[in-house]
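Number of protein chains: 2
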Amino acid sequence: MLFFDTVNSHQRSEALKAAIELNLFTAVASTDGTASGIAAECKAAERGVRILCDYLTMIGFLNKEGNRYSLTQDSAAFLDRRSPAYLGSVVDFLLSDYITSGFKSLTEAVRKGGTATSEEGSLEPEHPMWETFARAMAPLMYPVSQMIAQIVDPSADRPLKVLDIASSHGLFGLAFATRNTKAEIYAVDWANVLEVGKENAKKAGVGDRYHAIPGSAFDVDLGSGYDVALVTNFLHHFDQPTIESFMKKIHAALAEGGRAATLEFVPSEDRISPPGVAGFPLIMLAGTPSGDAYTFSEFDRMFKNAGFVKNEIHSLEPAIEQLIVSRK
Amino acid sequence: MLFFDTVNSHQRSEALKAAIELNLFTAVASTDGTASGIAAECKAAERGVRILCDYLTMIGFLNKEGNRYSLTQDSAAFLDRRSPAYLGSVVDFLLSDYITSGFKSLTEAVRKGGTATSEEGSLEPEHPMWETFARAMAPLMYPVSQMIAQIVDPSADRPLKVLDIASSHGLFGLAFATRNTKAEIYAVDWANVLEVGKENAKKAGVGDRYHAIPGSAFDVDLGSGYDVALVTNFLHHFDQPTIESFMKKIHAALAEGGRAATLEFVPSEDRISPPGVAGFPLIMLAGTPSGDAYTFSEFDRMFKNAGFVKNEIHSLEPAIEQLIVSRK
Numbered sequence: 001m002l003f004f005d006t007v008n009s010h011q012r013s014e015a016l017k018a019a020i021e022l023n024l025f026t027a028v029a030s031t032d033g034t035a036s037g038i039a040a041e042c043k044a045a046e047r048g049v050r051i052l053c054d055y056l057t058m059i060g061f062l063n064k065e066g067n068r069y070s071l072t073q074d075s076a077a078f079l080d081r082r083s084p085a086y087l088g089s090v091v092d093f094l095l096s097d098y099i100t101s102g103f104k105s106l107t108e109a110v111r112k113g114g115t116a117t118s119e120e121g122s123l124e125p126e127h128p129m130w131e132t133f134a135r136a137m138a139p140l141m142y143p144v145s146q147m148i149a150q151i152v153d154p155s156a157d158r159p160l161k162v163l164d165i166a167s168s169h170g171l172f173g174l175a176f177a178t179r180n181t182k183a184e185i186y187a188v189d190w191a192n193v194l195e196v197g198k199e200n201a202k203k204a205g206v207g208d209r210y211h212a213i214p215g216s217a218f219d220v221d222l223g224s225g226y227d228v229a230l231v232t233n234f235l236h237h238f239d240q241p242t243i244e245s246f247m248k249k250i251h252a253a254l255a256e257g258g259r260a261a262t263l264e265f266v267p268s269e270d271r272i273s274p275p276g277v278a279g280f281p282l283i284m285l286a287g288t289p290s291g292d293a294y295t296f297s298e299f300d301r302m303f304k305n306a307g308f309v310k311n312e313i314h315s316l317e318p319a320i321e322q323l324i325v326s327r328k
Numbered sequence: 329m330l331f332f333d334t335v336n337s338h339q340r341s342e343a344l345k346a347a348i349e350l351n352l353f354t355a356v357a358s359t360d361g362t363a364s365g366i367a368a369e370c371k372a373a374e375r376g377v378r379i380l381c382d383y384l385t386m387i388g389f390l391n392k393e394g395n396r397y398s399l400t401q402d403s404a405a406f407l408d409r410r411s412p413a414y415l416g417s418v419v420d421f422l423l424s425d426y427i428t429s430g431f432k433s434l435t436e437a438v439r440k441g442g443t444a445t446s447e448e449g450s451l452e453p454e455h456p457m458w459e460t461f462a463r464a465m466a467p468l469m470y471p472v473s474q475m476i477a478q479i480v481d482p483s484a485d486r487p488l489k490v491l492d493i494a495s496s497h498g499l500f501g502l503a504f505a506t507r508n509t510k511a512e513i514y515a516v517d518w519a520n521v522l523e524v525g526k527e528n529a530k531k532a533g534v535g536d537r538y539h540a541i542p543g544s545a546f547d548v549d550l551g552s553g554y555d556v557a558l559v560t561n562f563l564h565h566f567d568q569p570t571i572e573s574f575m576k577k578i579h580a581a582l583a584e585g586g587r588a589a590t591l592e593f594v595p596s597e598d599r600i601s602p603p604g605v606a607g608f609p610l611i612m613l614a615g616t617p618s619g620d621a622y623t624f625s626e627f628d629r630m631f632k633n634a635g636f637v638k639n640e641i642h643s644l645e646p647a648i649e650q651l652i653v654s655r656k
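If you read the protein sequences in the order shown, they are chains A and S.
First residue of the first sequence: 1, per the numbering used here; consecutive thereafter.
First residue of the second sequence: 329, per the numbering used here; consecutive thereafter.
No lab work stands behind these hints, which were simulated from the structure alone.
Even glycine gets a Cβ: it sits at the ideal position worked out from N, Cα and C.
Once the Cα atoms are required to be at most 30 Å apart in a straight line, the calculated DSSO-like pairs of lysine-lysine come out as:
1) S/K432 <-> A/K112
2) S/K371 <-> A/K104
3) S/K392 <-> A/K112
4) S/K656 <-> S/K632
5) S/K392 <-> A/K104
6) A/K304 <-> A/K248
7) A/K64 <-> S/K432
Interface residues of chain S toward chain A, partial, derived using beta-carbon atoms under 7 Å:
8) S341
9) L380
10) M386
11) G388
12) L422
13) F431
14) K440
Take these sequences, add in the hints, and give me the full structure.
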């Protein structure tokens, strides 16, 4: 019955988190797959491992044959720590206290119409949550960042001045810098978060073309003459008037003919599909004063009011977010 | 993708809990179904209500047509507070801190092989959790209690001495007392919990045939000569040796030809189905030192070791628990 399944569904999150924290998926693949073998590898109790593995089998993350567990194809690709596509680190952010504390006070957030955790929630200056985000979410964002650079700068052979708003791990800007040796990246984020982006820029060998602009994107001098402004996973934290006025600032920072590239969760006009996307506003309600997800027609209107002449939406499948390219 | 759906599935529990706490389902049915109408009724912000209602629509608890929400058939039956089948109160237990705190330390519980909340978890004497359970879970247990009385005492016309172990809300014993005017109920539970059962016995008009035995079922004198011993939602808190020795005590308390009626989550022999039942051991791992769910072959062996000669299992559909009737 949907009701009980839903009431108990927090257990699924906790079970998956425990398995990732214990490195259980890696242990399933690297041992004989019995509860005792896995338990020895994870330094956990056999009884605990047996119960957790049965649960993970039930919810689709493991197979069970007799008393041996094995990884499903997806678990092998994304949850075995030895896989290059390992995504387990995202629970460090998505199931961090930063996120779950907002949901603990969700009833109050509905009453209030915004986060009940504090006045500004996750939007407080230099909130440590964004350092966690930058480290945990990078693996998930890598393929998306490559797709965006390919769409926005397909030839990758001309000088390109790129503004990267809320640059976080830096991957969105770095995707341009690594493909195009003439691209210069100007990354805006809190000072503590920029350190993560700088590390990644150095690792990618483009540290000399990576320039940090520390501070609030609303308050700092962004500079001017940009060919591209990346506005990724940022606008959903704000209400429509704030977005409109912020996009005017972006518009002013762009060169003539420059483009803004906005990465967002864009629900269909009915706001109840597709599933992952339509669920996103609840995260904003729980954690921010007035964040939301906006439909394409809402973005189109806000961006036009900010001065952009044309907005085009691009699918980034298999990712559920979409890219809006807006021309000055 | 299953991974992200699972990571985020805690949000489903929290959204449903918030809706129940706000009486939102009742408000959807009793207003014009717009976010503003519902918000006024729930004394909540329209923005909060709109985001929550979209989420609940996405996960199947509401319908949406234009800007109006309405209840699904199941939500109307089980989540509108005016419905006689209202089940919303179960979140007071199933999503109480008692339960969720165990899941917060699930990784440690897997390492340890038992609850990491405290030495005894929910098995501490007079744990307040069981008062909450008694009040919150009664509506869910009412239909099950009626089915059990019908199976065990179909004629309901002969004197019947009934022992009700871990009587909680009292409904299991009371189902016998209200059907059979010659039934006398002896209810065992913590003193604080027995108060709830006594209240319900009075309400049912059978207070004079309802006798309280306060204390631990393991330690108190249970009395003797019982025709029926109800052992409902109790054995899963313990390991197999403890169950076997407890059932010897039950065996001794029964009259010749007496029967034990055990209500339990009984997974199939592979332990990974059916879904709701196979998920139960994780709750025991999170909250108890050594609780679990046992297959019928395990119960059959334990009960035979305790002296019972024959064990029969009965479906209680649509409930997911099953009844094992054991003859002395």
